[in-house]
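Peer 1: For the protein sequence lines, the chains are V and R, in the order given. Counting from 0, one number per residue, gives the positions in the first sequence under numbering that gives the first Met the number 0. Counting from 0, one number per residue, gives the positions in the second sequence under numbering that gives the first Met the number 0.
Just to be clear, a hint being listed does not mean it is correct.
Given that identical chains are not distinguished, each listed pair holds provided it fits within a single copy or across any two copies.
Pairs of lysine to aspartate or glutamate, DMTMM-like flavour, derived with a Cα cap of 20 Å [said to hold, decoys possible]:
1. LYS178 x GLU134
2. LYS180 x GLU229
3. LYS370 x GLU36
4. LYS370 x GLU429
5. LYS50 x GLU15
6. LYS64 x ASP75
7. LYS191 x GLU202
8. LYS216 x GLU206
9. LYS386 x GLU134
By construction, these hints were calculated from the structure, which means they are not laboratory data.
There are 2 protein chains.
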Amino acid sequence: MDVQIIKPSILPGFMELLPGDQILFNDMMDRIRNNYEKFGFLPIDTPIIEKSEVLLAKGGGETEKQIYRFQRGDNDLSLRFDLTVPLARYVAQHFSEISFPFRRYQIGKVYRGERNQKGRFREFYQCDIDIIGNENLSIINDAEIPSVIYSTFKELGFDDFTIKINNRKVLSGFFQWLKIKDSKAVLRIIDKLDKIGMSGVGEELSELGLNENIIEKIKKFMSIKSSNEEILDNLKSLNIDNDIFKSGFEELNFVAKYIKDFGVPEKNYVLDLSIARGLDYYTGTVYETFLNDYPKLGSICSGGRYDNLAAHYTKRSLPGVGISIGLSRLFSQLMEEKIIENKKNFLTKVLIIPMDDCLKEGIEVATILRKENIYTQVYTEEGKIGKKFNYADKLNIPYVIIIGSQEVKDKAVTIKNINSGNQETMELSEALKILKN
Amino acid sequence: MDVQIIKPSILPGFMELLPGDQILFNDMMDRIRNNYEKFGFLPIDTPIIEKSEVLLAKGGGETEKQIYRFQRGDNDLSLRFDLTVPLARYVAQHFSEISFPFRRYQIGKVYRGERNQKGRFREFYQCDIDIIGNENLSIINDAEIPSVIYSTFKELGFDDFTIKINNRKVLSGFFQWLKIKDSKAVLRIIDKLDKIGMSGVGEELSELGLNENIIEKIKKFMSIKSSNEEILDNLKSLNIDNDIFKSGFEELNFVAKYIKDFGVPEKNYVLDLSIARGLDYYTGTVYETFLNDYPKLGSICSGGRYDNLAAHYTKRSLPGVGISIGLSRLFSQLMEEKIIENKKNFLTKVLIIPMDDCLKEGIEVATILRKENIYTQVYTEEGKIGKKFNYADKLNIPYVIIIGSQEVKDKAVTIKNINSGNQETMELSEALKILKN
Numbered sequence: 000m001d002v003q004i005i006k007p008s009i010l011p012g013f014m015e016l017l018p019g020d021q022i023l024f025n026d027m028m029d030r031i032r033n034n035y036e037k038f039g040f041l042p043i044d045t046p047i048i049e050k051s052e053v054l055l056a057k058g059g060g061e062t063e064k065q066i067y068r069f070q071r072g073d074n075d076l077s078l079r080f081d082l083t084v085p086l087a088r089y090v091a092q093h094f095s096e097i098s099f100p101f102r103r104y105q106i107g108k109v110y111r112g113e114r115n116q117k118g119r120f121r122e123f124y125q126c127d128i129d130i131i132g133n134e135n136l137s138i139i140n141d142a143e144i145p146s147v148i149y150s151t152f153k154e155l156g157f158d159d160f161t162i163k164i165n166n167r168k169v170l171s172g173f174f175q176w177l178k179i180k181d182s183k184a185v186l187r188i189i190d191k192l193d194k195i196g197m198s199g200v201g202e203e204l205s206e207l208g209l210n211e212n213i214i215e216k217i218k219k220f221m222s223i224k225s226s227n228e229e230i231l232d233n234l235k236s237l238n239i240d241n242d243i244f245k246s247g248f249e250e251l252n253f254v255a256k257y258i259k260d261f262g263v264p265e266k267n268y269v270l271d272l273s274i275a276r277g278l279d280y281y282t283g284t285v286y287e288t289f290l291n292d293y294p295k296l297g298s299i300c301s302g303g304r305y306d307n308l309a310a311h312y313t314k315r316s317l318p319g320v321g322i323s324i325g326l327s328r329l330f331s332q333l334m335e336e337k338i339i340e341n342k343k344n345f346l347t348k349v350l351i352i353p354m355d356d357c358l359k360e361g362i363e364v365a366t367i368l369r370k371e372n373i374y375t376q377v378y379t380e381e382g383k384i385g386k387k388f389n390y391a392d393k394l395n396i397p398y399v400i401i402i403g404s405q406e407v408k409d410k411a412v413t414i415k416n417i418n419s420g421n422q423e424t425m426e427l428s429e430a431l432k433i434l435k436n
Numbered sequence: 000m001d002v003q004i005i006k007p008s009i010l011p012g013f014m015e016l017l018p019g020d021q022i023l024f025n026d027m028m029d030r031i032r033n034n035y036e037k038f039g040f041l042p043i044d045t046p047i048i049e050k051s052e053v054l055l056a057k058g059g060g061e062t063e064k065q066i067y068r069f070q071r072g073d074n075d076l077s078l079r080f081d082l083t084v085p086l087a088r089y090v091a092q093h094f095s096e097i098s099f100p101f102r103r104y105q106i107g108k109v110y111r112g113e114r115n116q117k118g119r120f121r122e123f124y125q126c127d128i129d130i131i132g133n134e135n136l137s138i139i140n141d142a143e144i145p146s147v148i149y150s151t152f153k154e155l156g157f158d159d160f161t162i163k164i165n166n167r168k169v170l171s172g173f174f175q176w177l178k179i180k181d182s183k184a185v186l187r188i189i190d191k192l193d194k195i196g197m198s199g200v201g202e203e204l205s206e207l208g209l210n211e212n213i214i215e216k217i218k219k220f221m222s223i224k225s226s227n228e229e230i231l232d233n234l235k236s237l238n239i240d241n242d243i244f245k246s247g248f249e250e251l252n253f254v255a256k257y258i259k260d261f262g263v264p265e266k267n268y269v270l271d272l273s274i275a276r277g278l279d280y281y282t283g284t285v286y287e288t289f290l291n292d293y294p295k296l297g298s299i300c301s302g303g304r305y306d307n308l309a310a311h312y313t314k315r316s317l318p319g320v321g322i323s324i325g326l327s328r329l330f331s332q333l334m335e336e337k338i339i340e341n342k343k344n345f346l347t348k349v350l351i352i353p354m355d356d357c358l359k360e361g362i363e364v365a366t367i368l369r370k371e372n373i374y375t376q377v378y379t380e381e382g383k384i385g386k387k388f389n390y391a392d393k394l395n396i397p398y399v400i401i402i403g404s405q406e407v408k409d410k411a412v413t414i415k416n417i418n419s420g421n422q423e424t425m426e427l428s429e430a431l432k433i434l435k436n
């Protein structure tokens with residue numbers, strides 16, 4: 000029977016890795032997860048498909064156009080486009096079964112039908128944490144979040160990164176004091192600083208109709224760069240008589256004071272009055288994180304404080320603070336820039352090659368190694384020995400154990416370290432010691 | 000501004016857990032994953048959305064009606080309904096970059112718009128392993144698969160389970176020898192034995208038009224139950240002169256011989272000539288796994304050997320063998336039957352409660368514990384002490400550390416074991432020893 004061959008391919012904008020890279024990706028995901036758990040965040044796993052009326056309760060905006068939305072029977076369905084809206088729905092739905100403050104993490108795929116461009120994915124992993132309070136949530140949590148970011152990126156192998164911290168109230172209070180009406184529009188322009196530079200920000204503020212005097216004040220404000228203490232002193236000395244500003248200043252002051260106790264070294268965070276975050280959503284502390292040697296990657300971990308998580312699903316006030324890592328994008332950027340590389344990533348530690356008629360003995364050794372939790376594969380196919388070694392090499396398997404009739408007779412194994420090339424025959428117990436190292 | 004409240008809910012047939020249960024679920028998933036990796040299986044992660052023409056290349060059948068399929072722009076898209084079709088596409092697409100034999104595992108969500116019924120999910124996790132050969136794949140792999148099943152379910156805490164093993168060729172050779180024309184139809188009827196019993200099988204075979212003499216022979220054949228060796232002797236003594244039967248018998252013999260060397264105890268596997276597997280797909284060895292005390296759960300892990308994985312995507316011959324665990328279904332059944340329970344599942348080990356003005360010191364202790372990889376939360380909200388202890392209790396957090404002014408003065412901490420009720424004040428280094436245990 001002739002079968003019609005269909006070209007095997009996936010959709011553009013979807014990431015799919017070979018096992019070597021997948022091992023690296025999973026390793027990053029595991030480290031993020033373990034760090035989130037270390038700080039007391041608990042897992043949830045919401046459905047990828049939700050009711051459109053629930054997922055799109057907020058409505059409008061850029062995101063809605065990007066949503067994968069479809070009809071099935073009588074149901075109007077959508078794929079989740081972030082993990083925050085499902086969290087809001089989850090907390091409102093399970094409110095009576097949840098203990099507050101509710102610390103949850105979720106790591107999962109989200110979907111956005113973005114314009115196809117390099118480094119942007121239509122299916123990608125987000126790794127989110129949020130702390131949700133019932134009616135209230137202490138500002139201490141805002142000081143703790145940077146320590147989660149710090150610990151996570153340290154654990155991912157990074158040293159030279161900076162967590163930039165600001166407070167939306169400081170900005171919006173300042174704008175109010177300047178008698179600017181559309182402060183949200185100003186925030187959105189400021190958020191583009193990285194992309195369009197200070198002169199670009201100036202131009203866009205001018206297009207917004209602000210006068211030169213005001214624009215100069217905003218630019219000067221955004222440019223205050225010095226030590227964290229000096230920034231706070233500087234802010235104080237501006238004598239801005241606005242309640243929102245004052246409240247934001249107090250919060251920023253508090254966060255700066257406690258962040259040290261949470262173990263974040265001074266070199267890894269900075270107060271930065273130019274950090275705005277594009278989303279309307281945030282109402283207080285905001286965070287962005289940058290790799291100092293690769294600023295063009297943009298923020299690799301962002302988030303902030305919001306007054307009310309779930310206004311569309313409940314009348315309760317549920318303030319929160321959280322961050323998100325867009326792992327698929329980050330991974331692809333790190334690979335692209337060769338900041339991480341799939342050199343010698345492996346899971347399987349030993350390939351057993353049974354010679355001649357020693358299959359039974361090879362299997363027995365594999366069974367012993369696996370009981371010792373040593374990840375082991377038996378090469379069971381026919382073929383030349385060179386091909387089998389080549390297989391170990393291609394899979395980055397660091398050790399090969401050869402079992403032939405001489406080894407069986409001597410109750411020994413021959414073990415080869417693929418990296419050093421060293422090969423030695425020894426008792427299995429000796430080989431076990433090497434492999435357990 | 001008044002916001003319209005939308006009732007927060009998810010679609011029927013979708014599983015969503017509270018964190019306590021999610022911890023248990025994730026723990027099971029981790030154990031399965033680690034066991035798969037121990038046997039040399041490497042991870043892949045294919046997209047959940049694929050091109051419909053690719054995913055539905057095989058076409059027809061019950062599954063197609065259940066597919067979540069939709070149009071977006073010019074693209075006809077579908078959500079994956081298993082992990083096998085994506086594997087076939089993956090191997091054909093990445094053929095030149097893959098080393099064979101290719102051992103991969105994939106754990107992920109799949110989608111089937113099934114009729115809404117208890118214990119059936121529309122979004123559920125599958126945990127699959129497969130070994131794919133290029134042109135050939137040794138029968139040794141068929142003997143190894145039961146050892147992966149055994150090791151996995153042992154690691155999940157089960158003892159009393161049976162892996163039932165058969166070979167499709169033994170059945171189809173036998174049917175051919177009986178001169179039955181539609182042997183696939185007979186296989187499908189036999190596969191229903193668990194549900195309809197031997198008399199039901201007899202009736203359906205009769206409806207198929209088989210005569211009573213043949214039906215009796217089939218029923219007798221299916222009823223051969225004894226030790227594995229006796230079954231093989233019994234099969235041999237039937238003197239069935241059919242090449243397919245003989246080939247299947249040799250394979251079954253081989254699998255039975257080597258399965259012991261792979262460390263599977265005799266009590267955990269059995270040759271069972273009544274195991275057929277419903278899918279047309281399988282061509283040799285087939286597996287089903289049962290919890291002996293809960294037969295009504297049905298098979299909790301099934302799979303088998305297939306001649307050709309990717310006939311729809313490549314002209315290459317890619318034989319394979321694999322198994323799948325439907326984890327969402329299994330988890331929900333185990334919870335339902337109270338075989339597993341969310342009693343005291345926790346991730347966070349310590350809740351720190353800072354008293355009076357000891358917030359700074361509480362945070363410092365948390366930072367020290369986290370550096371020692373002890374999962375820690377600081378309770379930062381206002382409230383009565385009883386409420387805070389209650390919080391630890393609800394989250395199953397086993398230890399509470401209290402830090403008040405006396406403790407700060409004495410450079411000590413007070414640690415309470417929530418389960419025993421014991422409370423003691425000691426140096427932090429002493430508390431660390433307890434927590435690391």
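Peer 1: Of the hints given before, which are not true for this structure?
Peer 2: Hints 1 and 2 are the ones this structure does not satisfy, whereas the remaining hints hold.
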